[in-house]
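Using the sequences and the hints given, assemble the complete structure.
Heads up, the sequence shown is in the working numbering, so the first residue is -13 and it goes up one at a time.
The reader is advised that the hints may include incorrect statements.
[Unchecked claim] Here are the simulated DMTMM-like pairs of lysine to aspartate or glutamate, each with C-alpha atoms no more than 20 Å apart in a straight line: (1) K162 with D186; (2) K179 with D196; (3) K416 with E300; (4) K90 with E113; (5) K107 with E77.
In case anyone wonders, no lab produced these hints; they're calculated from the structure.
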Amino acid sequence: MRAMVLASVLAVGAPVASAKPLPRVLFVTHSGGFRHQVVTRSPDGTLSFAEKQLQAAAKGRFDVVATQDLAELSRDKLKNYQAVVFYTTGELPIDVDALTDFVKGGGGFAGIHSATDTLYKSAAYGEMIGGYFDGHPWHQKVRIKVEDPKHPATAHLGASFEIADEIYQFKDWDRKKLHVLLSLDPESVDVTKQGVKRADHDFANAWTRDYGKGRVFYTALGHREEVWADPRFLTHLVNGIAWTLRDAPPARPAAATGEEGFQWLLQAAAPPAEWKQAGPGSFKLDNGVATANGGMGLWYLDGRRFKDFVLRLEYRQGKPSANSGVYVRFPRVDGTPNLPIDEGYEIQIYSREPAKNSTGAIYSFQPPSEVPQKPAGEWNDMEIAATGQKYTVRLNGKVINTFTGSRALEGMIGLQNHDDEVAFRNVRVKELR
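Okay, here's the thing in C-alpha coordinates:
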(Lines of atoms letter the chains of each structure in order from A and count residues from 1; the text may use other names and numbers.)
(Lines give C-alpha, C1' and ligand atoms only; values in the text may rest on other atoms or scores of the structure.)
Protein backbone atom coordinates (compact mmCIF):
# COMPACT_ATOMS: atom_id res chain seq x y z
CA MET A 1 0.00 0.00 0.00
CA ARG A 2 2.70 2.48 -0.89
CA ALA A 3 0.47 5.36 -1.58
CA MET A 4 0.57 8.89 -0.35
CA VAL A 5 -1.21 12.17 -0.02
CA LEU A 6 -1.77 14.02 -3.26
CA ALA A 7 -0.96 17.29 -5.05
CA SER A 8 -3.74 19.77 -6.09
CA VAL A 9 -5.75 19.43 -9.28
CA LEU A 10 -8.31 21.64 -10.96
CA ALA A 11 -9.38 18.84 -13.28
CA VAL A 12 -8.38 15.21 -13.41
CA GLY A 13 -4.61 15.00 -13.80
CA ALA A 14 -4.16 18.78 -14.18
CA PRO A 15 -1.88 20.54 -11.65
CA VAL A 16 -2.89 23.79 -10.01
CA ALA A 17 -0.95 26.85 -11.04
CA SER A 18 0.43 28.43 -7.87
CA ALA A 19 -0.04 32.19 -7.57
CA LYS A 20 2.87 32.46 -5.14
CA PRO A 21 5.82 30.32 -4.05
CA LEU A 22 4.89 27.35 -1.92
CA PRO A 23 5.68 27.52 1.80
CA ARG A 24 9.04 25.99 2.75
CA VAL A 25 9.05 23.38 5.50
CA LEU A 26 12.23 22.17 7.21
CA PHE A 27 12.03 18.45 8.05
CA VAL A 28 14.64 17.62 10.71
CA THR A 29 15.45 13.91 11.18
CA HIS A 30 18.52 14.12 13.41
CA SER A 31 18.85 11.27 15.91
CA GLY A 32 20.65 12.20 19.12
CA GLY A 33 19.40 9.00 20.74
CA PHE A 34 17.66 6.00 19.24
CA ARG A 35 17.68 6.04 15.43
CA HIS A 36 14.42 4.92 13.84
CA GLN A 37 14.70 2.89 10.66
CA VAL A 38 12.29 5.12 8.74
CA VAL A 39 14.63 8.13 9.12
CA THR A 40 17.89 6.22 8.59
CA ARG A 41 19.70 7.33 5.45
CA SER A 42 21.87 5.08 3.32
CA PRO A 43 25.67 5.43 3.57
CA ASP A 44 25.74 7.53 0.41
CA GLY A 45 23.36 10.05 1.98
CA THR A 46 20.25 9.04 0.04
CA LEU A 47 17.17 10.33 1.81
CA SER A 48 15.38 8.03 4.23
CA PHE A 49 12.03 6.44 3.49
CA ALA A 50 10.16 8.93 5.69
CA GLU A 51 11.89 11.89 4.07
CA LYS A 52 11.04 10.68 0.57
CA GLN A 53 7.44 9.96 1.54
CA LEU A 54 6.83 13.38 3.06
CA GLN A 55 8.43 15.20 0.14
CA ALA A 56 6.28 13.33 -2.36
CA ALA A 57 3.11 13.55 -0.27
CA ALA A 58 3.44 17.30 0.19
CA LYS A 59 4.10 18.00 -3.49
CA GLY A 60 2.02 20.94 -4.66
CA ARG A 61 1.13 22.00 -1.11
CA PHE A 62 4.46 22.93 0.44
CA ASP A 63 8.13 22.29 -0.28
CA VAL A 64 9.90 19.94 2.14
CA VAL A 65 13.61 20.47 2.80
CA ALA A 66 14.89 17.36 4.60
CA THR A 67 17.97 17.70 6.76
CA GLN A 68 19.93 16.03 9.54
CA ASP A 69 22.14 19.11 9.90
CA LEU A 70 21.15 20.96 13.07
CA ALA A 71 22.83 24.12 11.80
CA GLU A 72 19.63 24.71 9.80
CA LEU A 73 17.90 25.49 13.10
CA SER A 74 19.92 28.64 13.73
CA ARG A 75 17.99 31.83 14.19
CA ASP A 76 19.17 33.22 10.85
CA LYS A 77 18.46 30.08 8.82
CA LEU A 78 15.00 29.62 10.29
CA LYS A 79 14.05 32.81 8.47
CA ASN A 80 14.10 30.73 5.26
CA TYR A 81 11.19 28.54 6.38
CA GLN A 82 7.54 28.87 7.30
CA ALA A 83 7.38 25.69 9.41
CA VAL A 84 9.65 23.13 11.06
CA VAL A 85 8.93 19.41 11.41
CA PHE A 86 10.77 17.23 13.94
CA TYR A 87 11.36 13.48 13.81
CA THR A 88 14.21 13.56 16.32
CA THR A 89 15.49 11.79 19.43
CA GLY A 90 17.75 12.69 22.32
CA GLU A 91 19.24 15.98 23.41
CA LEU A 92 20.01 18.24 20.46
CA PRO A 93 22.83 20.83 20.53
CA ILE A 94 20.63 23.63 19.23
CA ASP A 95 19.47 27.08 20.30
CA VAL A 96 16.05 26.06 21.60
CA ASP A 97 15.09 29.68 22.12
CA ALA A 98 15.59 30.31 18.40
CA LEU A 99 13.12 27.52 17.64
CA THR A 100 10.50 28.53 20.20
CA ASP A 101 10.80 32.19 19.21
CA PHE A 102 10.30 31.15 15.58
CA VAL A 103 7.01 29.49 16.50
CA LYS A 104 5.89 32.21 18.91
CA GLY A 105 6.46 34.69 16.10
CA GLY A 106 4.04 32.89 13.79
CA GLY A 107 5.96 29.94 12.40
CA GLY A 108 4.51 26.46 12.27
CA PHE A 109 5.82 23.45 14.15
CA ALA A 110 4.93 19.78 13.69
CA GLY A 111 6.25 16.84 15.67
CA ILE A 112 6.15 13.25 14.46
CA HIS A 113 6.38 10.19 16.75
CA SER A 114 9.68 10.60 18.64
CA ALA A 115 9.55 14.41 18.54
CA THR A 116 8.35 13.99 22.14
CA ASP A 117 11.44 11.86 22.88
CA THR A 118 13.85 14.73 22.52
CA LEU A 119 15.05 17.87 24.33
CA TYR A 120 13.94 16.63 27.77
CA LYS A 121 16.15 19.25 29.40
CA SER A 122 14.28 22.13 27.76
CA ALA A 123 11.13 23.14 29.62
CA ALA A 124 10.31 25.56 26.81
CA TYR A 125 10.34 22.79 24.20
CA GLY A 126 8.25 20.53 26.44
CA GLU A 127 5.68 23.27 26.88
CA MET A 128 5.58 23.96 23.15
CA ILE A 129 5.10 20.37 22.02
CA GLY A 130 2.76 19.52 24.88
CA GLY A 131 4.39 16.59 26.68
CA TYR A 132 7.14 13.99 26.72
CA PHE A 133 7.41 10.33 25.75
CA ASP A 134 6.94 8.02 28.73
CA GLY A 135 7.26 4.58 27.19
CA HIS A 136 5.55 2.55 24.49
CA PRO A 137 3.68 -0.35 26.10
CA TRP A 138 2.16 -1.53 22.84
CA HIS A 139 3.51 -2.30 19.39
CA GLN A 140 0.51 -3.92 17.75
CA LYS A 141 -2.72 -3.33 15.89
CA VAL A 142 -4.88 -0.91 17.88
CA ARG A 143 -8.03 1.11 17.47
CA ILE A 144 -7.62 4.88 17.39
CA LYS A 145 -10.56 7.13 18.27
CA VAL A 146 -11.07 10.36 16.32
CA GLU A 147 -11.89 13.05 18.86
CA ASP A 148 -12.18 15.89 16.35
CA PRO A 149 -13.63 14.63 13.04
CA LYS A 150 -13.72 18.16 11.59
CA HIS A 151 -10.04 19.03 11.83
CA PRO A 152 -8.28 18.81 8.44
CA ALA A 153 -5.76 16.34 9.88
CA THR A 154 -8.48 13.88 10.91
CA ALA A 155 -11.55 14.59 8.77
CA HIS A 156 -10.75 11.65 6.46
CA LEU A 157 -10.52 9.07 9.24
CA GLY A 158 -14.13 8.54 10.26
CA ALA A 159 -15.13 7.94 13.89
CA SER A 160 -12.26 5.52 14.49
CA PHE A 161 -9.76 3.38 12.63
CA GLU A 162 -7.37 0.50 13.19
CA ILE A 163 -3.65 0.68 12.61
CA ALA A 164 -0.55 -1.28 13.64
CA ASP A 165 2.18 0.90 15.10
CA GLU A 166 4.24 1.61 18.19
CA ILE A 167 1.94 3.37 20.65
CA TYR A 168 3.25 6.01 23.06
CA GLN A 169 2.10 7.20 26.45
CA PHE A 170 3.09 10.63 27.76
CA LYS A 171 4.19 12.46 30.88
CA ASP A 172 4.11 16.18 31.66
CA TRP A 173 1.00 16.16 29.49
CA ASP A 174 -2.25 17.99 30.26
CA ARG A 175 -5.32 17.45 28.10
CA LYS A 176 -6.77 20.79 29.23
CA LYS A 177 -3.87 22.67 27.61
CA LEU A 178 -4.19 20.93 24.23
CA HIS A 179 -6.74 20.19 21.54
CA VAL A 180 -6.71 16.41 21.24
CA LEU A 181 -7.38 15.04 17.75
CA LEU A 182 -6.77 11.31 18.22
CA SER A 183 -6.56 8.99 21.20
CA LEU A 184 -6.05 5.29 21.81
CA ASP A 185 -9.17 3.24 22.45
CA PRO A 186 -8.08 1.53 25.70
CA GLU A 187 -10.44 -1.36 24.99
CA SER A 188 -8.26 -2.32 22.02
CA VAL A 189 -5.20 -3.05 24.18
CA ASP A 190 -4.23 -4.69 27.45
CA VAL A 191 -4.10 -1.77 29.90
CA THR A 192 -2.78 -4.09 32.64
CA LYS A 193 0.38 -4.76 30.64
CA GLN A 194 3.70 -4.07 32.32
CA GLY A 195 4.90 -0.57 31.53
CA VAL A 196 1.47 1.08 31.41
CA LYS A 197 1.81 4.15 33.64
CA ARG A 198 -1.35 6.19 33.12
CA ALA A 199 -3.97 5.11 35.62
CA ASP A 200 -6.53 7.34 33.87
CA HIS A 201 -6.05 5.37 30.63
CA ASP A 202 -5.98 8.66 28.71
CA PHE A 203 -3.58 7.92 25.88
CA ALA A 204 -3.66 10.81 23.42
CA ASN A 205 -2.23 10.08 20.00
CA ALA A 206 -2.36 13.43 18.19
CA TRP A 207 -3.09 17.00 19.20
CA THR A 208 -2.71 20.67 18.31
CA ARG A 209 -2.15 23.86 20.23
CA ASP A 210 -1.54 27.54 19.66
CA TYR A 211 1.87 28.77 20.78
CA GLY A 212 2.22 32.52 20.73
CA LYS A 213 1.29 33.54 17.19
CA GLY A 214 2.24 30.12 15.85
CA ARG A 215 0.58 26.73 15.64
CA VAL A 216 1.80 23.32 16.81
CA PHE A 217 0.67 19.91 15.53
CA TYR A 218 1.85 16.58 16.92
CA THR A 219 1.14 12.98 15.91
CA ALA A 220 2.52 9.99 17.80
CA LEU A 221 2.10 7.71 14.79
CA GLY A 222 4.94 7.02 12.37
CA HIS A 223 7.26 4.38 13.85
CA ARG A 224 6.73 1.70 11.22
CA GLU A 225 7.55 1.90 7.53
CA GLU A 226 4.12 0.44 6.78
CA VAL A 227 2.56 3.48 8.46
CA TRP A 228 4.58 5.82 6.26
CA ALA A 229 3.22 3.92 3.25
CA ASP A 230 -0.37 4.26 4.49
CA PRO A 231 -2.35 7.03 2.72
CA ARG A 232 -4.40 7.60 5.87
CA PHE A 233 -1.29 8.54 7.82
CA LEU A 234 0.16 10.64 5.02
CA THR A 235 -3.07 12.61 4.66
CA HIS A 236 -3.17 13.06 8.43
CA LEU A 237 0.43 14.27 8.49
CA VAL A 238 0.36 16.57 5.48
CA ASN A 239 -2.92 18.18 6.51
CA GLY A 240 -1.59 18.63 10.04
CA ILE A 241 1.52 20.39 8.78
CA ALA A 242 -0.57 22.47 6.38
CA TRP A 243 -2.75 23.52 9.33
CA THR A 244 0.33 24.98 11.04
CA LEU A 245 1.07 26.96 7.86
CA ARG A 246 -2.41 28.56 7.81
CA ASP A 247 -2.15 29.59 4.15
CA ALA A 248 -1.09 26.29 2.55
CA PRO A 249 -2.91 25.42 -0.72
CA PRO A 250 -6.15 23.44 -0.37
CA ALA A 251 -5.93 19.74 0.39
CA ARG A 252 -6.34 17.12 -2.31
CA PRO A 253 -5.17 13.57 -2.95
CA ALA A 254 -1.67 12.95 -4.46
CA ALA A 255 0.15 10.18 -6.27
CA ALA A 256 2.46 8.00 -4.25
CA THR A 257 5.76 6.22 -4.14
CA GLY A 258 5.21 2.82 -5.69
CA GLU A 259 2.24 4.06 -7.74
CA GLU A 260 3.95 5.64 -10.70
CA GLY A 261 1.66 6.14 -13.64
CA PHE A 262 -1.57 6.44 -11.64
CA GLN A 263 -3.86 9.42 -12.06
CA TRP A 264 -6.48 10.54 -9.59
CA LEU A 265 -10.11 10.55 -10.60
CA LEU A 266 -11.59 12.60 -7.75
CA GLN A 267 -10.82 15.92 -6.09
CA ALA A 268 -11.09 16.67 -2.39
CA ALA A 269 -13.08 19.88 -2.63
CA ALA A 270 -15.65 19.31 -5.38
CA PRO A 271 -16.38 16.78 -8.12
CA PRO A 272 -14.65 17.55 -11.41
CA ALA A 273 -16.87 18.33 -14.36
CA GLU A 274 -16.23 14.91 -15.92
CA TRP A 275 -18.28 13.11 -13.26
CA LYS A 276 -22.00 12.86 -14.05
CA GLN A 277 -24.99 11.17 -12.47
CA ALA A 278 -27.29 8.84 -14.41
CA GLY A 279 -30.51 7.63 -12.83
CA PRO A 280 -31.93 8.39 -9.37
CA GLY A 281 -29.90 9.46 -6.35
CA SER A 282 -26.52 11.14 -6.16
CA PHE A 283 -23.06 11.13 -4.65
CA LYS A 284 -21.99 13.68 -2.06
CA LEU A 285 -18.31 14.58 -2.12
CA ASP A 286 -16.84 15.83 1.16
CA ASN A 287 -13.10 16.17 1.72
CA GLY A 288 -12.33 13.59 -0.94
CA VAL A 289 -14.92 11.04 0.23
CA ALA A 290 -17.79 10.34 -2.20
CA THR A 291 -20.85 8.90 -0.41
CA ALA A 292 -23.76 7.30 -2.26
CA ASN A 293 -27.30 8.52 -1.62
CA GLY A 294 -30.54 7.05 -2.98
CA GLY A 295 -30.68 5.09 -6.17
CA MET A 296 -30.36 2.98 -8.09
CA GLY A 297 -28.09 5.26 -10.04
CA LEU A 298 -24.60 5.62 -11.46
CA TRP A 299 -21.90 8.26 -11.02
CA TYR A 300 -19.47 7.98 -13.91
CA LEU A 301 -16.62 9.65 -15.74
CA ASP A 302 -18.32 11.02 -18.83
CA GLY A 303 -16.40 10.73 -22.07
CA ARG A 304 -13.28 9.12 -20.64
CA ARG A 305 -12.72 5.62 -21.97
CA PHE A 306 -10.20 3.14 -20.68
CA LYS A 307 -8.75 0.07 -22.40
CA ASP A 308 -6.32 -1.95 -20.30
CA PHE A 309 -5.93 -0.50 -16.81
CA VAL A 310 -5.49 -1.00 -13.09
CA LEU A 311 -8.14 0.74 -10.97
CA ARG A 312 -7.55 1.22 -7.24
CA LEU A 313 -9.95 2.62 -4.67
CA GLU A 314 -11.12 2.38 -1.09
CA TYR A 315 -14.72 1.84 -0.03
CA ARG A 316 -16.57 1.81 3.27
CA GLN A 317 -20.02 0.35 3.95
CA GLY A 318 -22.34 2.21 6.30
CA LYS A 319 -23.89 -1.06 7.45
CA PRO A 320 -23.26 -4.78 6.86
CA SER A 321 -24.13 -5.82 3.29
CA ALA A 322 -24.64 -2.23 2.13
CA ASN A 323 -25.12 -2.46 -1.64
CA SER A 324 -22.99 -0.75 -4.28
CA GLY A 325 -20.55 -1.59 -7.04
CA VAL A 326 -17.86 -0.46 -9.44
CA TYR A 327 -18.65 -0.45 -13.17
CA VAL A 328 -15.91 -0.85 -15.76
CA ARG A 329 -15.64 -0.76 -19.55
CA PHE A 330 -19.24 0.18 -20.33
CA PRO A 331 -19.35 1.91 -23.74
CA ARG A 332 -22.43 4.11 -23.19
CA VAL A 333 -24.92 5.38 -20.62
CA ASP A 334 -27.64 7.28 -22.50
CA GLY A 335 -29.07 8.59 -19.24
CA THR A 336 -29.76 5.21 -17.63
CA PRO A 337 -27.69 3.05 -15.25
CA ASN A 338 -29.01 -0.10 -16.91
CA LEU A 339 -26.81 -0.01 -20.02
CA PRO A 340 -23.57 -0.24 -18.01
CA ILE A 341 -24.95 -3.40 -16.39
CA ASP A 342 -25.87 -4.89 -19.75
CA GLU A 343 -22.79 -3.83 -21.73
CA GLY A 344 -19.97 -3.55 -19.19
CA TYR A 345 -19.11 -5.38 -15.98
CA GLU A 346 -19.99 -4.57 -12.39
CA ILE A 347 -17.66 -5.59 -9.58
CA GLN A 348 -20.12 -5.96 -6.75
CA ILE A 349 -19.94 -4.50 -3.24
CA TYR A 350 -22.42 -6.21 -0.95
CA SER A 351 -22.23 -9.28 1.32
CA ARG A 352 -19.38 -11.38 2.70
CA GLU A 353 -20.57 -14.85 1.64
CA PRO A 354 -19.16 -15.73 -1.81
CA ALA A 355 -21.89 -15.61 -4.44
CA LYS A 356 -22.53 -14.08 -7.86
CA ASN A 357 -23.88 -10.98 -6.10
CA SER A 358 -21.44 -10.80 -3.16
CA THR A 359 -18.59 -8.37 -2.72
CA GLY A 360 -15.88 -9.12 -5.26
CA ALA A 361 -18.20 -10.90 -7.68
CA ILE A 362 -18.31 -10.09 -11.36
CA TYR A 363 -22.00 -9.40 -10.88
CA SER A 364 -24.24 -12.24 -12.15
CA PHE A 365 -21.24 -13.92 -13.86
CA GLN A 366 -18.74 -15.26 -11.35
CA PRO A 367 -18.48 -15.32 -7.54
CA PRO A 368 -15.25 -14.55 -5.70
CA SER A 369 -13.20 -17.32 -4.12
CA GLU A 370 -13.46 -15.57 -0.75
CA VAL A 371 -14.57 -12.20 0.64
CA PRO A 372 -11.99 -10.77 3.08
CA GLN A 373 -14.18 -7.71 3.60
CA LYS A 374 -13.77 -5.59 6.72
CA PRO A 375 -16.68 -4.82 9.07
CA ALA A 376 -19.02 -1.94 8.27
CA GLY A 377 -17.46 1.40 9.11
CA GLU A 378 -13.94 0.38 8.09
CA TRP A 379 -12.19 1.15 4.81
CA ASN A 380 -11.45 -1.64 2.32
CA ASP A 381 -8.83 -1.57 -0.45
CA MET A 382 -10.06 -2.81 -3.82
CA GLU A 383 -8.07 -3.23 -7.01
CA ILE A 384 -9.55 -4.11 -10.41
CA ALA A 385 -7.18 -4.95 -13.26
CA ALA A 386 -8.44 -5.31 -16.83
CA THR A 387 -6.10 -6.66 -19.53
CA GLY A 388 -7.73 -7.81 -22.73
CA GLN A 389 -10.65 -9.97 -21.61
CA LYS A 390 -8.99 -10.89 -18.31
CA TYR A 391 -10.30 -9.25 -15.13
CA THR A 392 -8.56 -9.62 -11.76
CA VAL A 393 -10.08 -8.39 -8.50
CA ARG A 394 -8.09 -7.90 -5.31
CA LEU A 395 -9.68 -7.11 -1.95
CA ASN A 396 -7.51 -5.99 0.96
CA GLY A 397 -4.44 -7.42 -0.74
CA LYS A 398 -5.88 -10.81 -1.74
CA VAL A 399 -6.74 -11.95 -5.27
CA ILE A 400 -10.36 -13.07 -4.96
CA ASN A 401 -11.58 -13.23 -8.56
CA THR A 402 -10.03 -13.93 -11.95
CA PHE A 403 -12.55 -13.78 -14.76
CA THR A 404 -12.43 -14.05 -18.55
CA GLY A 405 -15.06 -11.89 -20.20
CA SER A 406 -16.42 -11.36 -23.68
CA ARG A 407 -17.71 -7.78 -23.68
CA ALA A 408 -16.26 -4.44 -24.79
CA LEU A 409 -12.51 -3.99 -24.49
CA GLU A 410 -12.86 -0.26 -23.88
CA GLY A 411 -15.28 1.84 -21.90
CA MET A 412 -16.01 4.14 -19.00
CA ILE A 413 -15.66 3.78 -15.22
CA GLY A 414 -18.41 4.48 -12.71
CA LEU A 415 -19.63 4.00 -9.13
CA GLN A 416 -23.08 2.72 -8.21
CA ASN A 417 -25.48 4.25 -5.69
CA HIS A 418 -28.04 1.64 -4.65
CA ASP A 419 -30.08 3.07 -1.74
CA ASP A 420 -27.44 2.16 0.87
CA GLU A 421 -24.66 4.27 2.34
CA VAL A 422 -21.38 3.26 0.73
CA ALA A 423 -18.48 5.72 0.57
CA PHE A 424 -15.52 5.80 -1.81
CA ARG A 425 -12.18 7.59 -1.67
CA ASN A 426 -8.69 7.55 -3.22
CA VAL A 427 -9.98 6.45 -6.62
CA ARG A 428 -7.08 6.30 -9.07
CA VAL A 429 -6.29 4.54 -12.33
CA LYS A 430 -3.24 3.51 -14.31
CA GLU A 431 -3.70 2.99 -18.04
CA LEU A 432 -1.59 0.13 -19.35
CA ARG A 433 -1.71 1.07 -23.01
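Each hint, compared with the structure:
1. K162 with D186: Answer holds: K162 to D186 is near 14 Å, not above 20 Å.
2. K179 with D196: This hinted pair is violated, its Cα atoms lying about 34 Å apart.
3. K416 with E300: Roughly 15 Å between the alpha carbons, so the hint for K416 and E300 holds.
4. K90 with E113: Distance of about 12 Å is within 20 Å: holds.
5. K107 with E77: With a Cα-Cα distance of about 7 Å, the restraint between K107 and E77 holds, given a limit of 20 Å.
Of the numbered hints stated above, the single one contradicted by the structure is hint 2.
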